[in-house]
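Trainee: The residues making up each chain are set out below.
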Amino acid sequence: MIRKLACAVSLAALAAATPALADHHEESEARAEAFAELPYWPGYWVSEFQAGTAIGGQNTQVAEAIANGEPIPNFMALRGADAPWTEDGLQRFADVRAISRGRKATGWGFPMMMNAATPLQITITPEQVIIINAYNEARYIYTDGRPMPDEIDMWPTTYGTSVGHWEGDTLVVETRMVTTPSDFFHGAPPFSEEAVYHERITLEGDRLVSQMVIEDPVLLTEPWEVEVAFVRDEGFDRMIQFDWDNDRTGFDGTYNTIEMVGENGTAMLLPAIDGVLEAGAAWEVAWTGPMTADGMSVTPEGHLLFAQEQSNAIWRLTPDDEAFVEYPYVLGAGAVSVAADGTVLAIERGCTDPGLEMLQCDRRPALMQLGETRSIIAEEFGDGSSLGRLNDVHADGHGGAWVTQGALWHISHDGETTQVYQPEAFTNGVTTSPDGETLYVTDMRNVMGITLNNGVSGETSLFATLDEDTEGFGGDGMAVDADGRLYVTGDAGIYVFAPDGTKLGVIPVPRRAITLAFAGADRRTLYVGAMGAPTPEGEDWVPPGDERNVAMTVYKLPMLAAGLR
Amino acid sequence: MRILMGLAAAALVASATPSADAHHSMAMFDQTSEVVVEGTVRQFQWSNPHAYIQLVVEDEAGNPVEWSLELGSPVYLYARGWRPRTLRPGSEVRVRINPLRSGGPGGAVLDVTDMDGNAVGSNRR
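Residue numbers (our numbering), protein chains in the order written: chain A, 5 to 569; chain B, 75 to 199.
Everything labelled a hint here was simulated from the structure, so no lab data went into it. Glycine included, every Cβ here is placed at the ideal spot set by N, Cα and C. The reader is advised that the hints may include incorrect statements.
[Unchecked claim] Distance windows between CB atoms, simulated:
(1) A:Trp170 - B:Gly195: 40 to 48 Å
(2) B:Gly195 - A:Leu564: 35 to 43 Å
(3) B:Gly195 - A:His169: 39 to 47 Å
(4) B:Ala101 - A:Arg378: 55 to 63 Å
(5) A:Glu131 - B:Ala101: 40 to 48 Å
(6) A:Glu282 - B:Gly195: 17 to 25 Å
(7) A:Ile156 - B:Ala101: 43 to 51 Å
(8) A:Val213 - B:Gly195: 27 to 35 Å
(9) A:Ile103 - B:Gly195: 34 to 42 Å
(10) A:Arg150 - B:Gly195: 16 to 24 Å
(11) A:Val546 - B:Ala101: 48 to 56 Å
[Unchecked claim] A few chain A residues that face chain B, going by a derived Cβ cut-off under 8 Å, partial list only:
(12) Gly61
(13) Val167
(14) Ala233
(15) Val235
(16) Asp237
(17) Ile244
(18) Phe246
(19) Asp249
(20) Asn260
(21) Ile262
(22) Met264
(23) Pro358
Pulled out of the complex, with its shape left as it was, chain B reads as follows (with noise of 0.2 Å):
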């Protein structure tokens, strides 16, 4: 079963105003909940303003549900050790979210580790 392993505990207080830096209001995404998908990446868009990975999850029926997962901008995942190859298509990872508030298949990454447990790229800070 490789759908998302429930929700977290909320470690961030929600009413966090405006939470974010980046170029939209980080209020989009629950940040008093975390959620965590597992699948095979279709494709890693190393793009701006934000990068993304265009993730292929079975939902609980078994079939496929393509998330897409925001990271901040290639110029911060630079400085933190990522690389456009950094994921590739068919790599299987596990990614830690906090979702969309929307209820769509979306969130915004926390940290990204291979099936193994092993952090993808450097998930520093």
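Next comes chain A alone, as it looks inside the complex (with noise of 0.2 Å):
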């Protein structure tokens, strides 16, 4: 029954559409004879002189003919340096070439787009002409006979308003309110506002030119006329969509240059670890200095935070590499752990650097929370000894910490301290498995791993060795991934374990690195803190006098694999 009604609706429907799908018909056909009238310009049109661009982006047309003696065709007419400039356009011309040197742009602009080494595709309909180049820069040119628009409907944008229409083959365009087009692209000329853009655009044959006029009462004596033409060039079977995401230009100070990649040591070639890092990843230096930079860890947001004992301070260093204090005051900081929950520990470690002159001061080396308020949660063993020179902090995430000194402790949220593992020769860096059911600590070139049952600590074992350090102090910072993998840095680099103990691989470092972090929004930076660093003038930064040294830099690695969130 319902099915019945549905069908009579419908029925009823079209007898209602009949006479509307006639006129739709009648407007079709008309419309077809109007496309058959229209030129058609398929194709992809690469300004004249830019045709046969070399793979290095060199145009060959003008080495040719300086090669052969010939004069040097003007591939770029368009930059106007023929243009008959008032004296304010001169100069104007002039300061916009004086601050083009390095200068980035995102794209080409009008009137530069019908110049450029990027090709145009030219679609045609009775109502509109759309000109489109490969990356994304449009221009829709309305033939449907309307005026241009009032001026209060108007304002400058870099591909202006354009009205047309076709004396025979020829599309004939007015342009208005184009931004000043150097605003937007630095090789642009620096056309006012005001400037009107005048273009009759005729195939002639397999090259189609366009006759421009450009009338600028502000900075022109009189109309400039100019010709750019476009022919195509082989190669282009479709029309990519290029983004404009890597403009290298940069400027020495006499030339234009190349923002190089590499430098400080981090031109080497990493291997690439399944489902850790992929080939071509480079370290990049993110931050360097005279004092340390230790005892990682990251914000819930992903910053970075390090430790740095000499300025009593714990500092964030963000993803764009700004570095501040984050935490002052932190006597001796030598390093931080974030717990899941938010919850900051630090470890101070008072007057104890070995490096200084010498130090003296009453307050004990401590386990800290920092945050709003701060308290101290442990600053001596049972016995009430010193806890002496604290090494490395993980959080515990239930207010207490595992710290190294000497031997592995554990430090509970009420100051209670358990020994955890005595080492065969030192500890180092300590940190736990994502599941929380291990705890890893380094014993010089071996990583022990440790059953945690609820927190508590039960059987210990050899997880991995660091085999390919034969000499130096062994492991010292310590990280894991989402997945459960486990890095160590070590005198070969960064050691990759399996959660099993399998050695993944060994990711080299520009400097022997210390202590590590994932960070950044998604986790998937790795930062390393590395000891030594450049000065300005690029040598390695030597103290003057006998103290240590404890300069450092911060390198960051792009990284397939993502850390603890």
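Since each chain comes alone in its own frame, lean on the hints to assemble the complex.
Mentor: And the structure:
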């Protein structure tokens, strides 16, 4: 019953629509006829003297002209070097050139897109012509008979407002309200926003020719006539839209140059490690300084934290490499650890730094809770003795932490200290697996795994060995990723171990790394703190006296693996 | 020894005024000299407005140096037969360039060949 009713309704709808369909049919026929009368300019049009551009971007026509002693073609006529500028116009032309060195851009804009080495596609319909290039820069030219919009309905834009009409097979275009072109692209002419651009575009054989006349009552003494032409270059089979996302133009004081990567010793080929590190990844310098960047951790929003003993501060380093003091007055800040609930714990080494001039102070080393209010969690062992020169800290998520100082200790939220592991050599880094069931601690070149049951430590066994380190102090900083892989800093670089202890690889670091953490909003940036730093002259910093060299460099590396969030 | 193989003859006249098409002037490169660098591709940046070959090259002292070798836009590289995977990390190549005037380890690419001298991608034109 319902189906029958639906059928009846649709028949009625069809009957009612019939006159409209007839109108539509007539409209379609008229439009098809209008289409048939229009020119058809298929293909990918490249500015005439740019055709043949080589893989390095070189203009082959210019090179050939020079080699043959012929006049160099004016391949970028629209730059306006020959325009009849007023004195003000000449000054602005010179001003734009003077600031153009090293300037970056995001596209060509109008009118330069009509003279660039970026192919254009021209779509002609009875109502409008669309000219679009491979950077998604588009001009909409209305040919439906409308006049130029009222001035009150327009404002300056990068591509302006265009209205056109056909005179036979010639497209006649008027464009107004174009933002000063050199504001968008440094190589463009500095016309005022009062400029009016006239174009007459015609196909002449295999060349598309545009006769342009540009009027600028502010900056030109008379209308400027200039011709640009386009040809179909080979090799283009579709309009691929490219993002303009890697402008590395720099300026060295004399010449433009390429902004370099691979400086400060980061020129190295890193091994691809499945699921961990992609081939081609590279270290970048994120921070350098004459004082330490040790005991790293990460804030809930993904900013790196590091401890700096000599400045008595915990620093924050943003993904944009901006560094500032997050927690000042942390006496002899040795390491910081942010628990899953955001609680920030840090170790104060007090005045125990052996590198400085025998500091004297009454404050004892301590495990601290930082934040809006600060508290000392512990400053002595059960027997009342000093905690000594605390090395590293890893928050346990219950207000306490594991700390290393000779042995591995657990300090509960109420300050109770328990020895967890007595090393054969010495402990250094400490961390836990993502599931909280394994505690890892370094014992020189060995990494020990200790089972945890509700935070209570159980059996200890050898988890892995830093087998490429033959001398030196062995393992130091440690971190885990979300999949449970363990990362340990050693002389050979960052050792990466699977959750079962299998060595997956070693990531070399430009300098000896001693601490590391995953940071960034998605935790896919590995930061390491490494010993030594370059001076502005590029030499390794050496302290003037006998004091210990505590200069450090923080490097960062984009990872496939992600840290814990 | 896989460092540069010396300067070739001046192929072009020095005062080639506005000698480029790209989004910046080619004056930043010394078009009167040619240098050949050999090394291992760390990264092929298929990016706009220029693509780059990041090539790790050993200097005379045997230290790795990363060269930034500039290509044109991928728009034109595509038309010349290049694709994003034409070069991969680890590829060993020999690249002929016009070096940067600034003296930095970089230049504008003229052509790319593998270690047997075969053209990589397409070096047409």
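Trainee: Kindly confirm whether 39 to 47 Å is satisfied by the beta carbon distance between Gly195 of chain B and His169 of chain A.
Mentor: holds (45 Å)
Trainee: Given the range 34 to 42 Å, decide if the beta-carbon distance of Ile103 of chain A to Gly195 of chain B lies inside it.
Mentor: holds (36 Å)
Trainee: Within 40 to 48 Å: is that where the Cβ-Cβ distance between Glu131 of chain A and Ala101 of chain B falls?
Mentor: With a Cβ separation near 44 Å, Glu131 of chain A and Ala101 of chain B satisfy 40 to 48 Å, so the hint holds.
Trainee: Taking the least C-beta to C-beta distance, is Phe246 of chain A closer than 8 Å to chain B?
Mentor: Result: holds, 5 Å to nearest chain B Cβ.
Trainee: Against chain B, with CB atoms and a cut of 8 Å, does the hint on Met264 of chain A hold up?
Mentor: holds (6 Å)
Trainee: Is the interface hint for Val235 of chain A satisfied, with its Cβ closer than 8 Å to some Cβ of chain B?
Mentor: At 13 Å from the nearest chain B Cβ, Val235 of chain A fails the 8 Å test, so the hint is violated.
Trainee: That 40 to 48 Å hint for Trp170 of chain A and Gly195 of chain B (C-beta), does it hold up?
Mentor: holds (42 Å)
Trainee: Does the beta carbon distance between Arg150 of chain A and Gly195 of chain B stay inside 16 to 24 Å, or does it fall outside?
Mentor: violated (47 Å)
Trainee: Given a cut of 8 Å on the nearest C-beta pair, is the interface hint for Ala233 of chain A held or broken against chain B?
Mentor: violated (15 Å)
Trainee: Evaluate the given range 35 to 43 Å for the C-beta pair formed by Gly195 of chain B and Leu564 of chain A.
Mentor: violated (27 Å)
Trainee: Return the status of the interface hint for Gly61 of chain A: holds when the least beta-carbon distance to chain B is below 8 Å, violated otherwise.
Mentor: Hint on Gly61 of chain A: holds, closest Cβ of chain B at ~3 Å, below 8 Å.
Trainee: Does the Cβ pair Ile156 of chain A, Ala101 of chain B satisfy 43 to 51 Å?
Mentor: holds (45 Å)
This entry does not satisfy hints 2, 10, 11, 13, 14, 15 and 23, going by the numbered hints stated previously.
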